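Each step along the sequence shown adds one to the number in the working numbering, with nothing skipped, and position 14 is 14.
Keep in mind the hints are simulated off the structure, nothing from the lab.
Predicted, not measured: the structure shown is a model, and the values here were computed from it.
Please note: incorrect hints may appear among the correct ones.
To be verified - Result set (SDA-like, lysine to any residue): computed pairs, CA atoms no more than 25 Å apart in a straight line:
{"no.": "1", "residue 1": "Lys-203", "residue 2": "Leu-157"}
{"no.": "2", "residue 1": "Lys-13", "residue 2": "Lys-203"}
{"no.": "3", "residue 1": "Lys-28", "residue 2": "Lys-46"}
{"no.": "4", "residue 1": "Lys-103", "residue 2": "Leu-88"}
{"no.": "5", "residue 1": "Lys-13", "residue 2": "Lys-58"}
{"no.": "6", "residue 1": "Lys-159", "residue 2": "Asn-32"}
{"no.": "7", "residue 1": "Lys-42", "residue 2": "Pro-53"}
{"no.": "8", "residue 1": "Lys-158", "residue 2": "Val-169"}
{"no.": "9", "residue 1": "Lys-158", "residue 2": "Leu-88"}
{"no.": "10", "residue 1": "Lys-13", "residue 2": "Met-1"}
{"no.": "11", "residue 1": "Lys-13", "residue 2": "His-82"}
{"no.": "12", "residue 1": "Lys-158", "residue 2": "Asn-24"}
{"no.": "13", "residue 1": "Lys-203", "residue 2": "Val-169"}
{"no.": "14", "residue 1": "Lys-13", "residue 2": "Leu-157"}
{"no.": "15", "residue 1": "Lys-103", "residue 2": "Glu-130"}
{"no.": "16", "residue 1": "Lys-203", "residue 2": "Tyr-51"}
{"no.": "17", "residue 1": "Lys-58", "residue 2": "Glu-121"}
{"no.": "18", "residue 1": "Lys-28", "residue 2": "Phe-178"}
{"no.": "19", "residue 1": "Lys-28", "residue 2": "Asn-196"}
{"no.": "20", "residue 1": "Lys-28", "residue 2": "Asp-11"}
{"no.": "21", "residue 1": "Lys-28", "residue 2": "Glu-130"}
Unchecked claim - Here are the computed distance ranges between Cβ atoms for each label pair:
{"no.": "22", "residue 1": "Asn-77", "residue 2": "Leu-177", "range": "28 to 36 Å"}
{"no.": "23", "residue 1": "Asp-43", "residue 2": "Gln-154", "range": "29 to 37 Å"}
{"no.": "24", "residue 1": "Ser-71", "residue 2": "Val-169", "range": "34 to 42 Å"}
{"no.": "25", "residue 1": "Leu-177", "residue 2": "Asp-49", "range": "20 to 28 Å"}
{"no.": "26", "residue 1": "Asn-10", "residue 2": "Leu-173", "range": "32 to 40 Å"}
{"no.": "27", "residue 1": "Lys-159", "residue 2": "Cys-127", "range": "20 to 28 Å"}
{"no.": "28", "residue 1": "Leu-173", "residue 2": "Thr-123", "range": "20 to 28 Å"}
Backbone N, C-alpha and C fix where the C-beta goes; we use that ideal spot for every residue, glycine too.
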Amino acid sequence: MNILTICDNNDTKRGEYFSTSEQNLIDKLQPNISSHQSLKTKDCQKSLDNYTPNFNGKPFLCVAYAHGNESSIAVDNENYIHFENSYLFNQSFFYACCCLSAKQLGQQMMDNGCKVFLGFESTISSCNPEAEGIYQDCENAFMTFFVNEGLNIQECLKKVEEKYTEGIVHLSLSYGLFETSILQGNYNAFRVFCTNDDFSITKDDFV
């Protein structure tokens, strides 16, 4: 599979977390990736259309680890992905691991031809640095099940619910209610958009 990751690794507050999350995903997907292109903060100083054609028109997955708002994904404090350039993700599978990305941007990208969009309807976060691996495993769970196990979207959603529940139980036993509530809030904000509400889509649709 072809995958493009976008990571605002130089962000002063969350850059290290974004970078670790990206690596967490790639390590899990590596056996099933045929081509991977990673755009870091410095790469995003160039226009996005310098990069997305590199897959020669073939379907690809895109995962963004950056800050978000209701209508865009920001890299280096600049709006980098928005409605005006969302046509570059026509027929793609896009996962915006970014705050508020499902409020407006998700539907805007679907309107411009994106086939599947994952995002979050409100702000997302982590709190205890020692527990960040749990948050990252949960954030990356959908893509891991989708790519590595070949599950359809409906099946992935069920597995994601189980993964978050497992993480919530672990946090409640090891850290406390505050950490638990943050992860629960992240799960509650998770949203999926599919073309024609077709939850039977699998990775074979992006090969």
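Now for the hints, and whether the structure bears them out:
no., hint, result
1, Lys-203 <-> Leu-157, "holds, 14 Å"
2, Lys-13 <-> Lys-203, "violated, 34 Å"
3, Lys-28 <-> Lys-46, "violated, 28 Å"
4, Lys-103 <-> Leu-88, "holds, 20 Å"
5, Lys-13 <-> Lys-58, "violated, 35 Å"
6, Lys-159 <-> Asn-32, "holds, 19 Å"
7, Lys-42 <-> Pro-53, "holds, 19 Å"
8, Lys-158 <-> Val-169, "holds, 17 Å"
9, Lys-158 <-> Leu-88, "violated, 30 Å"
10, Lys-13 <-> Met-1, "violated, 32 Å"
11, Lys-13 <-> His-82, "holds, 22 Å"
12, Lys-158 <-> Asn-24, "holds, 21 Å"
13, Lys-203 <-> Val-169, "violated, 30 Å"
14, Lys-13 <-> Leu-157, "violated, 30 Å"
15, Lys-103 <-> Glu-130, "violated, 30 Å"
16, Lys-203 <-> Tyr-51, "holds, 22 Å"
17, Lys-58 <-> Glu-121, "violated, 29 Å"
18, Lys-28 <-> Phe-178, "violated, 28 Å"
19, Lys-28 <-> Asn-196, "violated, 29 Å"
20, Lys-28 <-> Asp-11, "holds, 24 Å"
21, Lys-28 <-> Glu-130, "holds, 20 Å"
22, Asn-77 <-> Leu-177: 28 to 36 Å, "holds, 34 Å"
23, Asp-43 <-> Gln-154: 29 to 37 Å, "holds, 35 Å"
24, Ser-71 <-> Val-169: 34 to 42 Å, "holds, 35 Å"
25, Leu-177 <-> Asp-49: 20 to 28 Å, "violated, 46 Å"
26, Asn-10 <-> Leu-173: 32 to 40 Å, "holds, 35 Å"
27, Lys-159 <-> Cys-127: 20 to 28 Å, "holds, 25 Å"
28, Leu-173 <-> Thr-123: 20 to 28 Å, "holds, 25 Å"
The structure fails to meet hints 2, 3, 5, 9, 10, 13, 14, 15, 17, 18, 19, 25 from the earlier list, while all remaining hints are met.
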